[in-house]
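A.B. asks: Each chain, letter by letter, is given below.
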Amino acid sequence: MKAIPIPRVRTWLARLLPLAALVPLQSAWSAPASPPPASSDASTPLALRLSPSQYRQSILDIFGPSVSITGTFEPETRVQGLLAIGARQSNVSDSGLESYDDIARGIADQVVDQKHRATYVGCTPRDPKASDDACARSFFSRVGPLLYRRPLTPDEIEARVRAAAVASGDVHDFYGGLSLSLAEMLISPQFLFRYKMYEPDPAHPGGERLDAYSKASELSFFLWNTSPDQELLNAAATGAIQTPAGLEQQVNRLISSPRVTEGVRAFFGDMLGYSDFDTVAKDPSFFPRYTLNVKDESQEQTLRTIVDHLVTRHGDYRDLFTTPHTFLTRALAVLYGVPLVDPSDNGQPQRWIPYTYAPGDPRSGILSEASFTALFSPSGRTSPTGRGKALREYILCEKVPPPPGNVSFKFVEDTTNPQFKTARARLTAHRSEPMCAGCHKLTDPIGLALENFNSAGGYRTDENGVAIDATGEMNGHQFVGSVGLGNTVHDDPATTSCVARKAFAFETGYMPPGSDPQWQQIMQKFSASHYNFVELMRQIALSDLSYEPQGPAALTASN
Amino acid sequence: MSAVKASTALALVCGAGLCLAASSQARAETRGFVISWFATATDIPDYKVDCPLGRMDGQTEMNVRQLREIGYSQEQAVKIVADAGAQLGPDYRYRIDTNAQVKGKPASVFNYPDATADPNIETVTGPYAYGFDLGGKAASKFIDPETHQKIDNQLWRSVGCTESFHEAPPGKPYPEELSWNLMIDSAPAWTLQLSGKDLSHDGPVTITIDSATQHLERDANGNVLADYTYIVEPNSRSHNVLAGEIRDGVLTIKPKDIYLEGELPFYAEIALRGAHMRFKAEPNGTLVGYWGGYLNWRRFVYMYTARPANGADSIGLYHALKRFADSDPDPKTGQNRYISGTFRMEALPAYLARLDGTVIAPPVHNPGALQRVEPPHTDVKTVTN
Numbered sequence: 000m001k002a003i004p005i006p007r008v009r010t011w012l013a014r015l016l017p018l019a020a021l022v023p024l025q026s027a028w029s030a031p032a033s034p035p036p037a038s039s040d041a042s043t044p045l046a047l048r049l050s051p052s053q054y055r056q057s058i059l060d061i062f063g064p065s066v067s068i069t070g071t072f073e074p075e076t077r078v079q080g081l082l083a084i085g086a087r088q089s090n091v092s093d094s095g096l097e098s099y100d101d102i103a104r105g106i107a108d109q110v111v112d113q114k115h116r117a118t119y120v121g122c123t124p125r126d127p128k129a130s131d132d133a134c135a136r137s138f139f140s141r142v143g144p145l146l147y148r149r150p151l152t153p154d155e156i157e158a159r160v161r162a163a164a165v166a167s168g169d170v171h172d173f174y175g176g177l178s179l180s181l182a183e184m185l186i187s188p189q190f191l192f193r194y195k196m197y198e199p200d201p202a203h204p205g206g207e208r209l210d211a212y213s214k215a216s217e218l219s220f221f222l223w224n225t226s227p228d229q230e231l232l233n234a235a236a237t238g239a240i241q242t243p244a245g246l247e248q249q250v251n252r253l254i255s256s257p258r259v260t261e262g263v264r265a266f267f268g269d270m271l272g273y274s275d276f277d278t279v280a281k282d283p284s285f286f287p288r289y290t291l292n293v294k295d296e297s298q299e300q301t302l303r304t305i306v307d308h309l310v311t312r313h314g315d316y317r318d319l320f321t322t323p324h325t326f327l328t329r330a331l332a333v334l335y336g337v338p339l340v341d342p343s344d345n346g347q348p349q350r351w352i353p354y355t356y357a358p359g360d361p362r363s364g365i366l367s368e369a370s371f372t373a374l375f376s377p378s379g380r381t382s383p384t385g386r387g388k389a390l391r392e393y394i395l396c397e398k399v400p401p402p403p404g405n406v407s408f409k410f411v412e413d414t415t416n417p418q419f420k421t422a423r424a425r426l427t428a429h430r431s432e433p434m435c436a437g438c439h440k441l442t443d444p445i446g447l448a449l450e451n452f453n454s455a456g457g458y459r460t461d462e463n464g465v466a467i468d469a470t471g472e473m474n475g476h477q478f479v480g481s482v483g484l485g486n487t488v489h490d491d492p493a494t495t496s497c498v499a500r501k502a503f504a505f506e507t508g509y510m511p512p513g514s515d516p517q518w519q520q521i522m523q524k525f526s527a528s529h530y531n532f533v534e535l536m537r538q539i540a541l542s543d544l545s546y547e548p549q550g551p552a553a554l555t556a557s558n
Numbered sequence: 000m001s002a003v004k005a006s007t008a009l010a011l012v013c014g015a016g017l018c019l020a021a022s023s024q025a026r027a028e029t030r031g032f033v034i035s036w037f038a039t040a041t042d043i044p045d046y047k048v049d050c051p052l053g054r055m056d057g058q059t060e061m062n063v064r065q066l067r068e069i070g071y072s073q074e075q076a077v078k079i080v081a082d083a084g085a086q087l088g089p090d091y092r093y094r095i096d097t098n099a100q101v102k103g104k105p106a107s108v109f110n111y112p113d114a115t116a117d118p119n120i121e122t123v124t125g126p127y128a129y130g131f132d133l134g135g136k137a138a139s140k141f142i143d144p145e146t147h148q149k150i151d152n153q154l155w156r157s158v159g160c161t162e163s164f165h166e167a168p169p170g171k172p173y174p175e176e177l178s179w180n181l182m183i184d185s186a187p188a189w190t191l192q193l194s195g196k197d198l199s200h201d202g203p204v205t206i207t208i209d210s211a212t213q214h215l216e217r218d219a220n221g222n223v224l225a226d227y228t229y230i231v232e233p234n235s236r237s238h239n240v241l242a243g244e245i246r247d248g249v250l251t252i253k254p255k256d257i258y259l260e261g262e263l264p265f266y267a268e269i270a271l272r273g274a275h276m277r278f279k280a281e282p283n284g285t286l287v288g289y290w291g292g293y294l295n296w297r298r299f300v301y302m303y304t305a306r307p308a309n310g311a312d313s314i315g316l317y318h319a320l321k322r323f324a325d326s327d328p329d330p331k332t333g334q335n336r337y338i339s340g341t342f343r344m345e346a347l348p349a350y351l352a353r354l355d356g357t358v359i360a361p362p363v364h365n366p367g368a369l370q371r372v373e374p375p376h377t378d379v380k381t382v383t384n
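Top line first, the protein sequences correspond to chains X and H. Just so we're aligned: 376 in numbering that gives the first Met the number 0 is position 377 of the first sequence, and the numbers increase by one with no gaps anywhere. Just so we're aligned: 290 in numbering that gives the first Met the number 0 is position 291 of the second sequence, and the numbers increase by one with no gaps anywhere.
Keep in mind the hints are simulated off the structure, nothing from the lab. Among the hints, erroneous ones may be present.
[As the list claims (entries may be wrong)] Derived, one-sided and incomplete: chain X residues facing chain H with beta-carbon distance under 7 angstroms:
| # | residue |
| --- | --- |
| 1 | F285 |
| 2 | R288 |
| 3 | T290 |
| 4 | R329 |
| 5 | V333 |
| 6 | P338 |
| 7 | V340 |
| 8 | N345 |
Treat the numbers as computed from the prediction; the structure is a model and nothing was measured. Note that beta-carbon positions come from the ideal geometry of N, C-alpha and C, so glycine has one too.
Please work from the sequences and hints to get the whole structure.
C.D. replies: Okay, structure coming up:
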């Protein structure tokens with residue numbers, strides 16, 4: 000396609016608004032409750048903005064892996080420890096819309112470029128320098144439902160066709176017009192947001208249920224972290240997904256696919272706070288082994304460990320905190336101070352090698368890995384408070400109050416004070432201030448057990464020449480080191496209830512009502528399965544509770 | 000280094016808890032290293048002492064000299080260089096580079112250096128250079144600033160006044176620095192195993208040098224990472240087993256030929272005849288020391304010829320090295336084919352392993368690991384997929 004000076008989609012789109020009869024633009028993005036043309040008597044829909052990984056995966060699934068996605072996505076919001084809950088409150092800012100615009104243009108241009116058009120467009124215009132409604136209609140009829148995750152109405156398709164025609168006329172290029180019209184779809188709220196639409200529930204007169212396409216999307220994003228495939232959309236179209244047998248068939252299909260690992264990875268990446276790695280930096284003067292590769296690989300290490308344990312081995316979720324089995328690269332092995340033999344040829348990417356911590360090794364379980372110890376540490380020192388707070392909030396679903404506004408951190412942050420050579424000594428001094436003592440009792444005894452791991456996650460035996468005391472305590476249980484902490488977390492009932500609640504919220508966007516019998520049934524089955532996480536996903540996906548409209552109480556609780 | 004100094008150094012090392020050996024158990028042990036720094040051994044405490052004539056003034060001086068060689072007067076040459084800046088124009092450079100005369104016709108000076116006049120560059124006349132006593136002539140000896148012994152290092156005499164060699168560690172002579180930094184991220188590393196009954200005490204040791212199957216890795220500062228795991232390439236041409244000893248904290252070897260195959264432009268190979276070595280252990284476990292022996296001077300200068308600019312006076316160096324070569328005379332011409340030389344080396348602690356996954360040499364110390372999980376070298380296997 001020749002280079003054509005094409006304006007930004009938004010600018011160009013503004014000219015077409017009367018023609019295209021589109022939804023008011025800015026209000027659509029700033030108030031994403033604007034519903035698609037679906038059920039007329041539904042409850043107020045929830046709109047959840049796609050996460051960057053959901054966006055990327057959806058595009059890859061619809062257009063193929065050779066389409067590269069470049070650009071910066073709108074920041075996400077974490078609520079109750081999950082971005083998936085925060086997605087419910089996410090809108091698109093002006094600058095965010097510009098970013099989505101750029102990303103959309105990049106994608107659309109690739110879809111119609113010389114390299115891809117034969118595959119992705121699927122038809123050839125009569126004249127490449129002019130509009131061709133039939134070809135454009137064929138294209139949008141095929142990709143439209145995949146992008147919007149529901150059938151497009153005839154008016155919606157015709158709006159796309161007309162938009163492409165006008166743009167093609169402007170730029171004298173069929174593919175240029177098609178690209179602009181496609182880019183407009185990609186910045187539409189219908190693509191950027193996942194709507195939860197409700198409809199009357201025939202099984203419960205007076206009640207409501209998620210409509211079939213919303214249900215298909217919810218299932219797909221929960222289990223595969225991507226838009227529904229054609230088979231799932233078909234199950235929605237026929238209504239099969241609304242029957243117990245049809246739902247079970249789809250859930251089993253999705254869970255038995257290797258792609259369920261994408262859902263597991265997305266969930267734990269969210270639950271463990273990995274979006275915060277974007278801001279993690281370590282002082283290379285002190286932590287030269289913490290390279291950019293190591294930063295990325297530390298997250299991958301834990302996600303691989305999780306997938307291997309939960310999906311491949313069908314292991315007990317609790318054992319994630321004690322398992323000696325993991326995966327390492329040579330670079331991570333250097334951080335951990337262990338040998339790792341990778342027989343890859345020189346110049347090949349480093350491989351992930353299965354690794355088992357030796358008996359007596361100070362590491363076992365995911366809490367001892369750099370993805371946890373480094374993520375919740377400042378650049379140049381450890382933070383037992385931060386690590387303890389993260390464990391309580393991310394792993395146990397407990398709330399730790401924020402520090403008072405007038406608190407002094409003079410003892411904590413000064414690692415050069417000869418009076419307080421260790422983090423334990425500094426925090427002891429800090430807790431002498433009454434306003435600090437209460438909350439630090441919740442966090443510090445947990446985090447101090449991880450003091451053998453420095454800010455970058457490397458092992459150490461002393462701090463400023465003083466041997467580290469790694470004794471810890473949580474909820475009345477005394478222990479030593481990360482191994483003892485892992486055992487304690489393993490045995491804490493909050494560990495399993497927290498992951499279950501968060502998994503439910505990851506699908507639905509809100510925390511489950513704990514007293515609901517359906518929820519209690521899910522928890523009973525989770526327990527009976529020896530805390531098999533994939534089985535938990537299956538039970539959540541099959542439960543009516545996941546598809547009921549959440550009442551004000553649930554929303555309030557989530558907020 | 001005197002015996003007193005050497006003892007002091009070892010005591011300091013052990014005092015920091017970083018002796019070569021982690022225990023005093025009298026069992027054989029092998030420790031792994033990877034060569035993390037390698038270059039011609041330079042010694043430039045006082046350039047005016049080493050090169051009192053001050054003739055070698057870098058690129059400017061070389062350009063003026065080379066312009067004069069192609070017929071310009073001193074005044075003309077100075078003006079041309081002043082006008083041209085650091086790099087002469089292509090016309091001048093072409094004439095300089097084809098100033099050799101072969102059968103009456105101009106030819107490349109790099110292809111026919113012997114058909115080019117010797118520019119008689121300034122060479123080192125100062126007293127000091129690093130190295131070893133290789134049995135050379137007394138008149139050409141230097142004094143090693145560390146051991147205070149008389150040593151042979153005609154390589155340094157030849158190159159030491161050239162601007163690109165005015166570097167001291169951690170810097171390297173420019174062409175070597177360029178080659179090293181460009182290539183270590185892809186060229187296979189060189190490994191070094193140190194074996195002995197008890198490396199914390201004086202006694203015999205064995206040094207084994209090999210190629211690795213993998214390249215060096217860098218840390219967050221761009222330096223070479225310690226404690227990485229490298230696979231020793233089996234059956235490589237770079238396999239060298241050297242008998243040595245630790246005495247007063249200094250490790251030396253019995254002279255032996257050394258050959259290392261390289262994939263760096265500057266060090267396509269390291270081939271030393273009758274090589275000597277001298278290393279010490281730094282407090283962090285790094286080995287620092289020197290290799291010396293006789294090397295083929297043509298191969299050395301060809302490495303410079305590959306990069307004729309950047310202040311490296313290829314033709315000047317060619318003739319200087321040829322002139323000062325001090326070993327292995329050609330039976331027909333009498334021209335010595337080898338020259339005494341010394342290289343400086345650093346080797347970082349590393350895990351060394353075989354292709355089958357067996358770790359054969361753990362690092363000498365490992366701040367990231369517990370002693371109890373540091374594997375003995377015979378019984379640890381890493382599962383590979």
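A.B. asks: Which earlier hints turn out false for this structure, listed by number in ascending order?
C.D. replies: Failing hint: just 1.
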